[in-house]
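Colleague: Those sequence lines, one after another, are chains A and B. Per UniProt numbering: the first sequence ends with 172, consecutive numbering throughout. Per UniProt numbering: the second sequence ends with 466, consecutive numbering throughout.
Bear in mind the hints are in silico, worked out from the structure with no lab data behind them. The C-beta atom is built at its ideal place from N, Cα and C for all residues, glycine as well. Check each hint, because a few of them may be wrong.
[Stated by the list, open to error] Derived, one-sided and incomplete: chain A residues facing chain B with beta-carbon distance under 10 Å:
id: 1; residue: T5
id: 2; residue: M9
id: 3; residue: R10
id: 4; residue: F13
id: 5; residue: L14
id: 6; residue: L17
id: 7; residue: W18
id: 8; residue: L19
id: 9; residue: V23
id: 10; residue: V81
id: 11; residue: G85
id: 12; residue: S86
Chain residues, written in single-letter form:
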Amino acid sequence: MSELTLTVMRLGFLAVLWLFVIVAVQVIRSDLFGTRVTQRGSRRGAAETRPQQGRQQQQAAPPQQRQQPGRQRRGAPTKLVVSEGSLTGTTVALQGQTITLGRAHDSTIVLDDDYASSRHARIYPDRDGQWIVEDLGSTNGTYLERTRLTTPTPVPLGAPIRIGKTVIELRK
Amino acid sequence: MSVVTNTTTIGAIDAPSRRNTELVLVVFAVAISVFAYANVGLALNGELPAGMLGYGAGLALLGGVAHLVVRRFAKYADPLLLPLATLLNGLGLALIWRLDQSERLLALKSFAPAASKQLIFSAMGVALFVGVLILLKDHRILQRYTYISMVVALILLILPMFFPAQFGAKIWITIPGIGSIQPGEFAKIVIAIFFSGYLMVKRDALALASRRFMGMYLPRGRDLGPILVIWAMSILILVFETDLGTSLLFFGMFVVMLYVATERTSWIVFGLTMSAVGAVGVASFEPHVQDRVTAWLDPFAGWGTHAASEQMAQVLMAFGSGGTLGTGLGQGNSDLILFAANTDFILATVGEELGLAGVMAFLLLYGLIVERGVRTALAARDPFGKLLAIGLSGAFAIQVFVVAGGVMGLIPLTGMTMPFLAAGGSSVIANWALIGILIRISDTARRPAPAPAPSTDAEMTQVVRP
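Starting from the given sequences, assemble the full structure and let the hints guide the process.
Modeller: Written out as structure tokens, the structure reads:
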């Protein structure tokens, strides 16, 4: 064996060894995800789609809705952000599911707020993909911009929805 | 057309099962090991070694079987533990084979080629790993055997006292015709089960019933009992079996688990003080331990007169001649260490032939295994699983520290084996079982919560738009 070959092999082996270490560390990044919203009870065959959760955005959207024309409109909000209150910074990805807000433990966003009712409001998409906010008969009311909601109302992008001390808005 | 969802829940993103990542990494690990094997052959004889195909196929078979079993029985387990263990085991086999080729070692009376035996031991280890994954459906079952584990661990620890000492330490059970096993390696796992079961029940008493004194929480006398018993036990092992490593491992593991269970720093202070007192006390009258301390303090002073010192000096020179990038696999002279070159001192071969870069990579591989273990403990939902995972990965970390530290001259040398790397059946089998238990816990921890039943009030909503 020539000296050169052996040197190349020696350095090559170290490089490959380190490559393994680096790849392994990259794999660890899979632990560093945030939160996601899972839907209860509606996804038939959820078990089959589990392994491909790398593409969650598409997977989680119910197939019926995905096929609708105009569903993925340009300018449609993709996430809901809490901008004021104790949950500031919380985001929930909008994937075509209903988001419930309130003090009840099974709410999507559990509000720890004395002014919130246990089932305070919900935000859901209508058939055209337009997001609607509806007050669920709360005591202190839900405000979109400055007006108290009486009927289900479409939510424009970035409009603040106020519930007690908490303000949430839809963002792209 | 129905509105599909109404109720939702928010939670952490489920870790995907990631079995394919694991498969790719296992293949990568086998490829690296075969590369190492080929490199050794080319460097020593100038041709690809004859056993390369068999060796590669054997390792690939072990990795493949282990992977398939994980895929079937622990679908959501951590994707890194298995590839890391496979890589360390494969590289260990290549290094052992490399030392088998050494003329100097073959001339030694006490030396026998170990690579093929090690491959069989690895197969037994993987078989135990498979057994753990298939038979142990849920790690919480182990909780039922808390006190039985204690008895089993004590028996495993005491047994070697009745067998003759080998190489100055009574840590082997010799069964004529079959060989010898080192029960301490298995006791490590069994005692972790006992500690986690015990601490899960007693953690509140240990954590809360204490007086504050000089900024430290002093535990009550009656809570101090168990730590004193374990301490006494590890000292007794040290005295009667002259096995510094195992006693350090047990006591260290207990202190780690006590700290994790109670979150009291005072336990660490106590633990370190007591282990220092114990070690110094025993070292002052036990000749075998004194020997090691002498070799540690000044290895070059005893050159030619003191065997332990000379060996230690050879190890340090092996590390030194390796330099940063090493001499290349098969081109070092680490076989000058002679006795135990392929067991306790195998890290010196890594140091000489792969250099500092290689040693760092190996330590990172061990570090990653420990990290995945700790991560598993963080993710586990039940306190028993948390403590068991932290105990096992803590024991693994302490073992690596004690061996690597001993070989590099940081602490006195103790007769323990580098997990997966060193030649020796008990070690590799026990460590595969350890990885198996960690994979089982991580599978439970990462498994996504079962989907809740469909909610009855998820009715269709009519939207009236203005």
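Colleague: Each hint needs a verdict: does it hold in this structure or not?
Modeller: Outcome of the hint check:
no., hint, result
1, T5, "holds, 7 Å"
2, M9, "holds, 5 Å"
3, R10, "holds, 4 Å"
4, F13, "holds, 6 Å"
5, L14, "holds, 5 Å"
6, L17, "holds, 5 Å"
7, W18, "holds, 6 Å"
8, L19, "holds, 8 Å"
9, V23, "holds, 7 Å"
10, V81, "violated, 14 Å"
11, G85, "violated, 16 Å"
12, S86, "violated, 15 Å"
Of the hints listed earlier, those the structure fails to meet are numbers 10, 11, 12, in rising order.
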